[in-house]
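The listed protein sequences derive, respectively, from chains A and B.
Heads up, the first sequence stops at 1178 in the numbering used here, and the numbers go up one at a time, no gaps.
Heads up, the second sequence stops at 579 in the numbering used here, and the numbers go up one at a time, no gaps.
In short, the hints are calculated from the structure, not lab data.
Owing to the predicted nature of the structure, the values given are computational and were not obtained by experimental measurement.
It is possible that some hints are incorrect.
Claimed, not checked - Rough simulated footprint, nothing fancy, chain A against chain B, three-plus residues with beta-carbon under 8 angstroms:
#1 146-154
#2 217-225
#3 272-286
#4 407-416
#5 504-511
Even for Gly, the Cβ is constructed at its ideal location relative to N, Cα and C.
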Amino acid sequence: MTPTRRTRRLSATALLVVASLLLSACGVTRGGDGEANRRLSMYIPNSPGGGYDLTGRAAARVLEDEDLSGRFEVTNVIGAGGTVAMQRLLNEEGVDDLVMSMGLGVVGATYTNESKARVSQATPIARLIEDQEALIVPKDSPFQTVEDLVAAWKDDPKSVTIGGGSSPGGPDHLFPMQLAKTVGIDPQQVKYIVYDGGGPLTSALLGKKIDVGTSGPSEFEGQLKDGSLRVLAVSGEERLETVDAPTLKESGIDMTFVNWRGVLAPPGISDESRERLIEMFTQMHATKGWQDAVERNGWIDSFATGDEFKTFLVEQDERVESTLKELGLA
Amino acid sequence: MDSLDLLMGGFQQALTLENLFYALLGVFLGTAVGVLPGIGPAMTLALLLPVTFAVGPDCALIMFAGIYYGGMYGGSTTSILLNTPGESSSVVTAIEGNKMAKKGRAAQALATAAIGSFVAGTIGTLLLVLFAPTVAGQVVKLGNPSNFALIVLAMFAVTAVLGTSRLRGFIALFLGLTIGLVGGQTGQARLTFGNPLLADGIDIVVVAVGIFAIGEALWVAAHLRRRPLDIIPVGQPWMSREDWGRSWKPWLRGTALGFPFGALPAGGAEIPTFLSYATERKLSKHREEFGKGAIEGVAGPEAANNASAAGTLVPLLAIGLPTTATAAIMLLAIQSYGIETGPQLFDTEPDLVWALLASLFIGNTLLLLLNLPLAPLWAKLLQIPRPYLYAGILFFASLGAYSVSFQPFDLAILLVIGLLGLAMRRFGLPVLPLIIGVILGPKLEEQLTTSLQISSGDFSTLWSEPVAAIVYAFIALALVAIVASGLRRPKPAAPVEEKEEVSA
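Chain A extracted, bound-state conformation (with noise of 0.2 angstroms):
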């Protein structure tokens, strides 16, 4: 009959491009038993493209290509900046096949979103990388170094206007609020715009619609590489091969920053679950499929787990807070 026709011809197409989807995106399959076929489940807490889908999927392809693990299944929990996801992690409370990417984004999402969730509650299993801040400003700023920034801002904290791709509560924001306060600016009278990303971001930076711009520095490359733009400082301990420019320490002020990403397990996971957990990203880590993923990505490895990942973690977990506090956002 004709209907059967027209309907199979749809849900063949559905079918295609799912099964297409799905063969692009998986890796190879695989036989055997035992710890390397075990099937586990990884929660994304943004949506595809961005950075904690970008650093879960890298490990779990890794993962899966190295037989580390069985086969992955990823899911993106999207919402709230992380939040929902984090709730939901939480919520599966000694589930111990299930792993969350995560970073610092969601521990200030938390805050702002009035959430009860704490990454603190979760089981830290792995630091994987980190990527520092930069302070970016057009190419004809008056500002040739970070001094000349601080001695104009701290004149007048309402004459410089500073933007970033992220919500309060997410890097780009935290930083030069923790900036601010360093310096001896109240954070409050930080004047600090929110876009939509790097791309807008870079926009308002050419266009000289802000006078600085706060992020990682690997979303503006090109315009780092023709001159367009330049940076002022980078935000962490030691300076990046790819930018050249002091860090803050350099400059005189005692303070360094870093956006990082780890992977949580759920609460109440037994030792053994745990200590499992942690040796298959400790193996993950030391595979020449995950370093070369760092490089592709221009990410900086930034390996812990266990008990020192688990003391940074509340030690940023109350960092973020009490920035967030100050500027009455949590």
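For this one, chain A is given, so just place chain B on it according to the hints.
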């Protein structure tokens, strides 16, 4: 004519068997994801990013560009046939396109969309080749005040589509603006009722699918027993001479609107489709057909959304600036090959850039070859008995709403909005103003708040940029013209000045 020589070199490179295969795969995948509501080109590209490990940069970019163009076209198919827009940029297409389909003119609607997309994509790509290196540096000078003015212009044009009852039109518009307020984008949670799943607002695809598809299905279900089924007539399979005559001008005008908006940092594909629809409605000689299936209302917006896709590539290739989510992921793909994007791209990677541009022409041609013969076949889909057809539509709509963010919660929202759609049909409220409110409201607010934040609350910033001032002057002129023509004749006809909108 330097550019054209380089383009010919690009064709030589792009016309290898391998690249043709990737271009074909790209447009096919793009059309398919455009057809599926909820899965947009941006998400497809993100999921396909790992492909870049396996193939060379030219193959990947050619495929990605095919997906982008294909997605812009594919969204129109479901808009026309099922009243289920797959992308926000094809929402306007559903208004006239679906009415045409119900009159047995689905094949013509699909054909004018396919040919219009081809014409617009080709002209857009040609403009891209000629102007990308020179104009891209200029677009960043437009700040938030200019963007705000352009959205005000779109809002102003929208009053033209409010329908016969202004009151009902405004009610629908304000309902839309209210839905657009949901979320915490301004830093303050509004209408979220403490639910974090509402913190990011309600996705436009969920709203459009709910209002159009679910609302319609419920409406039909409510009347199924009381009224005999109107059988959808089987129409001509191809476009008539009259259809061609009524389509070609809207194609060109749609292109002229879509291309510049695609190149603007805050442009995108939605605003030009609204402006195009409003323009065609004003200029058409068959104005009485609007709202009942006017071919101009499909031809113009479809051309506009494809031209904007070409426009988006101007800042992307020329200064490495992504203006849409899809472009941002293409940039990511380019960078994952270690290729430096930015103004130097044309100098450091000329082969890649020109092969990509050439493949855009090829992709466009493939898209037309792929879709035009399919139009009469797709149109027969409507011959499915009504209960099965609507069951399929409901399934499709739910799938689309779910795949926006993989939250079951969105299905509940979809149902609520579907009920709203049913109520709107019951009380004769037009749906287009609501959709426009949902899309433009948040954009308008974002541009206004950012402008005022930068100026520390000084309102004069709003007309501080030349483009903004010109747009306001144009709106004022149009207002004067409307009032004047209203005074001269009791039944106002289209003011001639509206033509200027094309260049604004």
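Hint check:
Residues of the segment 146-154 of chain B with a Cβ under 8 angstroms from some Cβ of chain A number 0, which does not satisfy the need for three, so the listed coverage is violated. By the rule of at least three residues with a Cβ nearer than 8 angstroms to a Cβ of chain A, the coverage given for the segment 217-225 of chain B holds, with 3 such residues. With a threshold of 8 angstroms between beta carbons, the proposed coverage of the segment 272-286 of chain B by chain A holds, since 3 of its residues qualify and at least three are required. A stretch counts as covered by a chain when three or more of its residues have a beta carbon under 8 angstroms from one of that chain; for the segment 407-416 of chain B and chain A the count is 6, and the coverage holds.
Residues of the segment 504-511 of chain B lying with their CB closer than 8 angstroms to a CB of chain A number 0, which falls below the three-residue condition for coverage.
Of the numbered hints stated above, those contradicted by the structure are hints 1 and 5, listed in ascending order.
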